[in-house]
Amino acid sequence: MGQAGCKGLYQSLLDYKTEKYVIAKNKKVGLLYRLLQVSILTYLVVWVFLVKKCYQDTDTSLQSSIITKVKGVTFTNTSELGERLWDVVDYVVPPQGENVFFVVTNLVVTPNQRQDTCAESERIPDALCHEDSDCPPGKPVVAGNGVRSGRCLRAGSAQKGTCEIFAWCPVETKSRPVKPLLGEAEDFTVYIKNFIRFPKFNFSKTNVLDTRDKTFLKSCKFGPKNPYCPIFRLGSVVSWTGSNFREMAVQGGVIGIQIEWDCDLDRPPSECNPRYYFNRLDNRFSENSISSGYNFRFAKYYRDAAGVEFRTLFKAYGIRFDVMVNGKGSFFCDLVLIYFIKKSNFYRDKKYEEVRDLEGLAQMAESSRQRVAPEQQLAEQPEVQDGGSGQKENGCVCRQLLQPTRITR
Amino acid sequence: MGQAGCKGLYQSLLDYKTEKYVIAKNKKVGLLYRLLQVSILTYLVVWVFLVKKCYQDTDTSLQSSIITKVKGVTFTNTSELGERLWDVVDYVVPPQGENVFFVVTNLVVTPNQRQDTCAESERIPDALCHEDSDCPPGKPVVAGNGVRSGRCLRAGSAQKGTCEIFAWCPVETKSRPVKPLLGEAEDFTVYIKNFIRFPKFNFSKTNVLDTRDKTFLKSCKFGPKNPYCPIFRLGSVVSWTGSNFREMAVQGGVIGIQIEWDCDLDRPPSECNPRYYFNRLDNRFSENSISSGYNFRFAKYYRDAAGVEFRTLFKAYGIRFDVMVNGKGSFFCDLVLIYFIKKSNFYRDKKYEEVRDLEGLAQMAESSRQRVAPEQQLAEQPEVQDGGSGQKENGCVCRQLLQPTRITR
Amino acid sequence: MGQAGCKGLYQSLLDYKTEKYVIAKNKKVGLLYRLLQVSILTYLVVWVFLVKKCYQDTDTSLQSSIITKVKGVTFTNTSELGERLWDVVDYVVPPQGENVFFVVTNLVVTPNQRQDTCAESERIPDALCHEDSDCPPGKPVVAGNGVRSGRCLRAGSAQKGTCEIFAWCPVETKSRPVKPLLGEAEDFTVYIKNFIRFPKFNFSKTNVLDTRDKTFLKSCKFGPKNPYCPIFRLGSVVSWTGSNFREMAVQGGVIGIQIEWDCDLDRPPSECNPRYYFNRLDNRFSENSISSGYNFRFAKYYRDAAGVEFRTLFKAYGIRFDVMVNGKGSFFCDLVLIYFIKKSNFYRDKKYEEVRDLEGLAQMAESSRQRVAPEQQLAEQPEVQDGGSGQKENGCVCRQLLQPTRITR
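Chains as they are written, first to last, in our numbering: chain V, 1 to 409; chain Y, 1 to 409; chain X, 1 to 409.
Chain V with its partners taken away, still in its complex shape (with noise of 0.2 Å):
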């Protein structure tokens, strides 16, 4: 670039190159434009704020947890267990109460079994021989019980027979009910406790009415006018979801419980409550495919007087119920505080544990960046967490781009 080049350049660089304004002094015209100006600004502060609550600051980072507790007993007379009631402990797979519980609803019960040799049942394909060399020794049976001892079993002159195994013998041969053994379980209950917290605003609340009445728990329903006694009948539960629970009961399946918790703190504590919604988790239009039902083996274990181990076989039909929760919080956006309001800890009942400190929360934004030395962390005793779910919200995010946390715990 030679230097009249250059020169011009650096002239054209310090242009200040702005757009020609037309002023038109005129009233109506005036008039107008000031109204378009105000009608935007309306918008901006009844639309956006007041009713799409865009100064809001969100807490997706539910804690939840669940506690699940069955209650019922149901009688029954077999020819097999002869007459046998069955109570939580009994039917209720795993006992300790957590999100995810099994209801033991149909029954094959194999007792007795031992470790011993035995014809292979006719149902596995794999099993079936017509002599000894069709069932090579050590070899284990396909989706079947044993592993082959060599033999082929026919029952007397038949042609056909099964691979005698070396198995839990005898082995389960029976089918499953066509009516439930268990069908009274329609009328137990379940009590599902649940615990939230939302930790950006230490706002924690639980789904039981919080009262000293030892009896509440004992007599009451859920219900229009029980919203906080979440107990629930099973067979409501099923149909709810619009299954049937004794026709669900025969092959098994799984019933999903949603709990959510959508609540604006600014309002008080007693209008954020949850919703339940009840869905059912596996395949319902397809009774008689492959894919429907839920059932699992489970043995218990006993020694005889000579110590040798022999178990009961049993392959339980029922009905899993998952409970999941989810949820979020909102409170004021931090961004439009942090600039306008000073003392906003004014906005914050007195019955929250703490409040957290704004100008915390700034500084907090920062350190999560900056790593913190362990040594800083544990200092001497790790405080509760308060706010710290190192979830940064600097600037002010409509509700409709956030997506609700979806906590299984």
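The hints are simulated quantities; they were obtained by calculation from the structure and are not laboratory data.
Among these hints, one or two may not hold up.
As the list makes no split between identical chains, a pair holds if one copy fits it or if it spans any two.
[As the list claims (entries may be wrong)] Here are the simulated BS3-like cross-link-like pairs (lysine-lysine), alpha carbons at most 30 Å apart as the crow flies:
(1) K160 <-> K71
(2) K315 <-> K139
(3) K179 <-> K160
(4) K139 <-> K221
(5) K69 <-> K139
(6) K160 <-> K214
(7) K315 <-> K221
(8) K205 <-> K315
Keep in mind the model is a prediction, meaning the values are calculated, not measured.
Given the coordinates of chain V, work out where chains Y and X should sit on it, guided by the hints.
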């Protein structure tokens, strides 16, 4: 401010200020200008709408249920246990067939433990002693098996020994077998049944072929020809993660199985297919590190004829499989549809049970802000949730801004 | 529209309308103008890029596995059970060492229950009776232990009694011990092994020191000097939540342990460290509320010499620990890199197994839209997932817009 100033302000308030435009009546320049406009519009329509599918509504609140079932038997012959056949009930923990299951591959068995006093294991550093005063009675052994009785047990004239403890005796002393006891578990199979549902679109699907042919699942194997037969050989699953089953079986480990449903619901349901990913979720690169492997202890409890309890302690090494599901479904964007297409139901296939009314959606988006009283919510019978996931999506959000929801149950 | 109108439209369609500019050749104004431009640019580079790290790509689809192991023994001497030692197998439920485990701290034991008839507990409101007609035979007692036989059992000449029931007899009648039976569990320790992986960046790490020194984990304790020894004393964990272990042990409760990995992968892996948070996840402020505490019942089943089943029923109070992992990893933003840096592999450390090809990523973003046929997907052997989390990230998204993914398994 004086009267003049006020008047000036009032006048300038009603001034209408606008930019001054030049209109060039030149066909070449004009053509270029319009071409530019058209290309921007084309970009928007083609790229943003058709390619990026920004017009779509996305549902990330996937509901999912997993049922797993392991099949396979194996035979072992050890000096300790004699001839023994292991079936699913023996080696899968827990038995319920949930999304996390553990397959025992190696075992240390300590039979016939009773509450008694005996010598602590020599492997416990805290139990070593020279004389009785090294064993303060009543003090538990750190990371040990029992509570000290006060005596130091030394074999013969040895200088060092271990404290006598009150514990389940004899204590476990054997080491992990170098060759996995149940290495044959490599050939076991697992059937992973997954049902998913996008509540917003009321779309559901399973990963199992919808057939009534009962033999299908008894004979099929997952593969290119059978993508809807989710039956996996355990050895193959481990090899797909880059590990070796027999090596992993010695010390144990964790395998993650991820099922991903990324569905464009504008296309037919048959194009919404699951994809499977397999990962090793423990430290495979530090085989000899202290943090490698996976084991736990459990026991079977018995009572002898006199009613005294005894137990068999198992230290089980094995592979835990964690099945995780994530996914999202996309459909026409609400915003665009609400404004431009009135009767959008037309677009939904008849095979979906119910079609969500878009106007209902708009109301829902409103109602989720106003607290719903429990009476309203639970009128008579809670309806099947059809889109009430509480997730509002008023704007058109590009897919890449949305993260997949992980559901672990 | 007439011909004239058409012609006018056509002409105005090709008009090129632009703003009219003023160029002020004034050095002072020009300098000011350029200074303003430079400061905006500086703001963008320094604040948005360097401080806010908007150029980074973020992976929130964390994969995680948790293995837990409790250690500790305690000795009890009660009239009921005699001298008894409790080890991990006795008091931890379930035994598998998953991310949720329950430590029994208090027990009500009802030994030798058999299927028989006996009087219902007086605590069950529904079982109270004055005469036999109050006990309709076959009807289960609501929230009770069995099915009515039809008789009303009254002690001596008392007016009131309870119905006779068919149940597991004798029924549980004892109250919860006021002093926790296993209060010593305070000194038990739990080892929490966590392995995480960011699939997008193929970065993985554990929270345990990578050493071959087998004694390390036998002697270390979590603390400022040992941040990579995740062995926690249960009593300390409870105290960090602001609660007292002995008090909590009486009725039970739930503790949440959160592990957070917020990793800037532009820095060395040694700076990607876990942070631990401890919270109480049940209603600690309503100690006497009906919704406080955590307990469940389980049983051990036995058979006597005659083959008749009997069981010991346990009502276990205790503390459930829920370990949750969340986190995200950030790395250079794709968009920026794709355009400006061709060989970005340079930036990745050799210690990561594989380096993701950025062009591959761009293709992946494309391919995730086109349906992948299972044949393509499962060619011979599904490759280890290297970034195929299906999450596209074409734009530069600020961190604060992204929420942490919570993974509970």
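Going down the list of hints, with the structure as the test:
Proximity of K160 to K71 under the C-alpha cut-off of 30 Å is restricted to the inter-copy arrangement: shortest distance 25 Å between copies versus 49 Å within a copy. Taking the shortest alpha-carbon separations for K315 and K139, both the intra-copy value of 25 Å and the inter-copy value of 27 Å come in at or below 30 Å. Neither within a single protomer nor between protomers do K179 and K160 lie at most 30 Å apart by alpha-carbon distance, with minima of 32 Å and 39 Å respectively. For the homomeric pair K139 and K221, the shortest alpha-carbon distance between copies (19 Å) is at most 30 Å, but the shortest distance inside one copy (56 Å) is not.
Within a single copy, K69 and K139 get their C-alpha atoms only as close as 45 Å, which misses the 30 Å cut-off; across copies the closest is 21 Å, which meets it. Taking the closest pair of Cα atoms, K160 and K214 come within 30 Å of each other only across two copies (22 Å); inside a single copy the shortest separation is 65 Å, beyond that limit. For the homomeric pair K315 and K221, the shortest alpha-carbon distance between copies (24 Å) is at most 30 Å, but the shortest distance inside one copy (32 Å) is not. Proximity of K205 and K315 under a CA criterion of 30 Å is satisfied inter-copy only: 27 Å between copies versus 40 Å inside one chain copy.
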